[in-house]
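Trainee: Given only the sequences and the hints, what does the whole structure look like? Please build it.
Those sequence lines, one after another, are chains A and B. Residues in the first sequence are numbered consecutively from 1, following this note's numbering. Residues in the second sequence are numbered consecutively from 1, following this note's numbering.
Be aware that a few hints might be false.
[As the list claims (entries may be wrong)] Straight-line alpha carbon distances no greater than 25 Å define the calculated SDA-like cross-link-like pairs of lysine to any residue that follow: (1) Lys264(B) / Pro422(A); (2) Lys382(A) / Lys437(A); (3) Lys437(A) / Val91(B); (4) Lys420(A) / Glu80(B).
Derived from the structure by calculation, the hints contain no laboratory data.
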Amino acid sequence: MSRPQSQAEYLARLVPPSVAGINRRSLLAGAAGTGALLGTGLLAGCGDDSGSGGSSKDVSLGSNQSDPKPKDVLVKVTDGFKTSSGVQVAVNTVDHNTFQENINNYLQGKPDDVFTWFAGYRMRFFAQKGLASDISDVWSKLSGYSDAFKKASTGDDGKQYFVPATYYPWAVFYRKSVWQQHGYQVPTTMDQFTALGAQMKRDGLIPIAFADKDGWPAMGTFDILNLRINGYQFHVDLMAGKEAWTSDKVKKVFDTWAGLLPLHQPDSLGRTWQEAAQSLQQKKSGMYLLGLFVGQQFSNEEQDDLDFFTFPEIDPAIGAKALDAPIDGYMMARKPKNEDNARKLLEYFGGKAAADINLKNDPAVLVANSGADVGGYTALQKKAAELVGSATEIAQFLDRDTRPDFASTVIIPALQQFIKNPKDIGGLTSSIENQKKSIFTD
Amino acid sequence: MSDLPLIQADRAVPPPATTTSTGGRRRRLRLLSRTDRVVITLMVLVPLLLVTGFVWLPAAATVLLSGTNWDGIGPLNEIEFVGARNYSDVVNIYPPFVPAVQHNLLWLAALFVVATPFGMFLAVLLDKELRGSRFYQTALYLPVVLSLALIGFVWQLLYSRDQGLINAVFGSSIDWYGDSNVNIWAVMVASGWRHVGYIMLLYLAGLKGVDPSLREAAAVDGASESRAFFRVVFPVMRPINIIVLVVTVIESLRAFDLVWVVNKGRNGLELISALVTQNVVGEASRIGFGSALATIMLVVSLVFITIYLATVMRENRE
Chain A
1 MSRPQSQAEY
11 LARLVPPSVA
21 GINRRSLLAG
31 AAGTGALLGT
41 GLLAGCGDDS
51 GSGGSSKDVS
61 LGSNQSDPKP
71 KDVLVKVTDG
81 FKTSSGVQVA
91 VNTVDHNTFQ
101 ENINNYLQGK
111 PDDVFTWFAG
121 YRMRFFAQKG
131 LASDISDVWS
141 KLSGYSDAFK
151 KASTGDDGKQ
161 YFVPATYYPW
171 AVFYRKSVWQ
181 QHGYQVPTTM
191 DQFTALGAQM
201 KRDGLIPIAF
211 ADKDGWPAMG
221 TFDILNLRIN
231 GYQFHVDLMA
241 GKEAWTSDKV
251 KKVFDTWAGL
261 LPLHQPDSLG
271 RTWQEAAQSL
281 QQKKSGMYLL
291 GLFVGQQFSN
301 EEQDDLDFFT
311 FPEIDPAIGA
321 KALDAPIDGY
331 MMARKPKNED
341 NARKLLEYFG
351 GKAAADINLK
361 NDPAVLVANS
371 GADVGGYTAL
381 QKKAAELVGS
391 ATEIAQFLDR
401 DTRPDFASTV
411 IIPALQQFIK
421 NPKDIGGLTS
431 SIENQKKSIF
441 TD
Chain B
1 MSDLPLIQAD
11 RAVPPPATTT
21 STGGRRRRLR
31 LLSRTDRVVI
41 TLMVLVPLLL
51 VTGFVWLPAA
61 ATVLLSGTNW
71 DGIGPLNEIE
81 FVGARNYSDV
91 VNIYPPFVPA
101 VQHNLLWLAA
111 LFVVATPFGM
121 FLAVLLDKEL
131 RGSRFYQTAL
141 YLPVVLSLAL
151 IGFVWQLLYS
161 RDQGLINAVF
171 GSSIDWYGDS
181 NVNIWAVMVA
191 SGWRHVGYIM
201 LLYLAGLKGV
211 DPSLREAAAV
221 DGASESRAFF
231 RVVFPVMRPI
241 NIIVLVVTVI
251 ESLRAFDLVW
261 VVNKGRNGLE
271 LISALVTQNV
281 VGEASRIGFG
291 SALATIMLVV
301 SLVFITIYLA
311 TVMRENRE
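Mentor: Below, the structure written as structure tokens:
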């Protein structure tokens, strides 16, 4: 990748700040898409008096957008749906963490007709267990989605279960002013990357800001190294439990990482990502591999100074075109009370109108639908959208691409163990493999 | 809890004795009026149902589930039994387990050896009616009023490596919460800080109840202050001492909130309770595996409960 041409402007408050790590996902509110055909629903016979009347006139939405900004945007989107279709949306907002932790019980109990979720293993898992409904017919009316997004919305049976709304990429962020001051160039190969890190060290900077107190940020580093060294398909198979963690391929990921660790900020296990991002903001660190939400730790004036590049190529045969870009969106419960309205709502969420409302009210989101009017994007957003658009494959992030029990009870402690003691890679990988075999039984 | 109605039953005996005296050996039963019997039955049944429903059934279910690989999804009849595999997994291939047991024991030792005696010491000092003892009392008890989650946050401000007060004041760069050799001690200081206040208040209440004439008698007999405490006051306070001991053991077994707030019980802060939560609560839903951990914790607790009950019962018999 070349250096950025224009000044990037990035609006903060992408992610509602929170101590809890998983809350990064609450990031993007919203809805996106190309919509269209609303109102022409199946219940045309129902009168034109809009509002809170009979049950055929409303639909319920379970939302994890508990932070003020995304919550507000979601209200505007549902208002838009009401205007266009006359159907009232009863939004049931639950704290983001609570929503995620209770998702099993929620979906098996009496869930709302439509609920917020994200693409990845868990989405396919719910689809396979029959806890979510097939919405292929909604997809047949949607347009503006690239194949990558459609693939990310498809269950194991080849049907669609998910409407993507928003996403954010993971990349290496830096401050342009710092790089100009020292004359750094964006690295495109691993050698250039390590050389740059060494130079930063000589210049008195921490080359790579790093934090893993909450356990998940290190997954981003593992993911990108794995994608660069072994490619996307291996990532998918490894996450699905089909590949052995004791294989040389995984060991090479850890080996490469161990080589990079001296360039990382030390004592990362006691640091939150917010603190690491502030070290970048305070010009103490040279770069930071994180999601787009890193901008949250920068003031509005500093947004212009923030830029990023995708993690450099390691193996020329693999290239540097795959990346993590978690997608947030919507799914339909297994037995919605108002199925017709639920499908209409999903169609609206996937449509252009919803995406435009989203962009207009919260210009700091990347919308999944390419039909949306992205004129309001900042330079950094445009660049991020281009990066993801040019990606050959989009991974969802480790803890979204694999079983949640494996990610949280095995991988997090294992990666923290690795950061503590990067030497014992053999022992670490065999420990992971043993636990994996116990968890991936079916 | 369940012995409450029994006490009530005993008390219910005397008053009717004056009115209905049919004599004979079965007198005690007949002495109870119908209302009494209804009340007693209710007082036995309600707690019994509550205890069974909320304590024993869940405990039994936990033990049962620990033999399965249930993931929290799907009907109960699809649960697959896997025998003792969860237990062998816990012991053999689950790296956080051994540290968790060690940390729980360490926690118990630290509370027992340091925090509890220190709390008792403070109580004795405050009992001396020093000037401003109310203030000290409030200050020391304040942490108990705060929730542990809040305490975790307060200490985070002190302990943060880059932005924390301690490192800022001393110019050090110790990674208090991140270094797995240090963080358990850092957290135990925070936990002990709270425990001291709790024990102090309990013990202070006990000390206020000690008959002052005992101390005066000891003083008249020429016993020194410390001798009077250890030989007279301390033995008199035996009931309180047992409560303090039990509280200490319970606190160390259920230690959870603080490490959970700090880093969800990972990286040097493993505790069994945190591991149970990691596995069972939330999206992970390794319910079978987590239940095995919970059962192990139950067994450990049972050891202490048995010792406690045995002691109490032996005393009652004497």
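Trainee: Each of the hints needs a verdict: does it hold here or not?
Mentor: Each hint, compared with the structure:
no., hint, in the structure
1, Lys264(B) / Pro422(A), "holds (22 Å)"
2, Lys382(A) / Lys437(A), "violated (42 Å)"
3, Lys437(A) / Val91(B), "holds (15 Å)"
4, Lys420(A) / Glu80(B), "violated (37 Å)"
The structure fails hints 2 and 4 (numbered hints given earlier, in ascending order).
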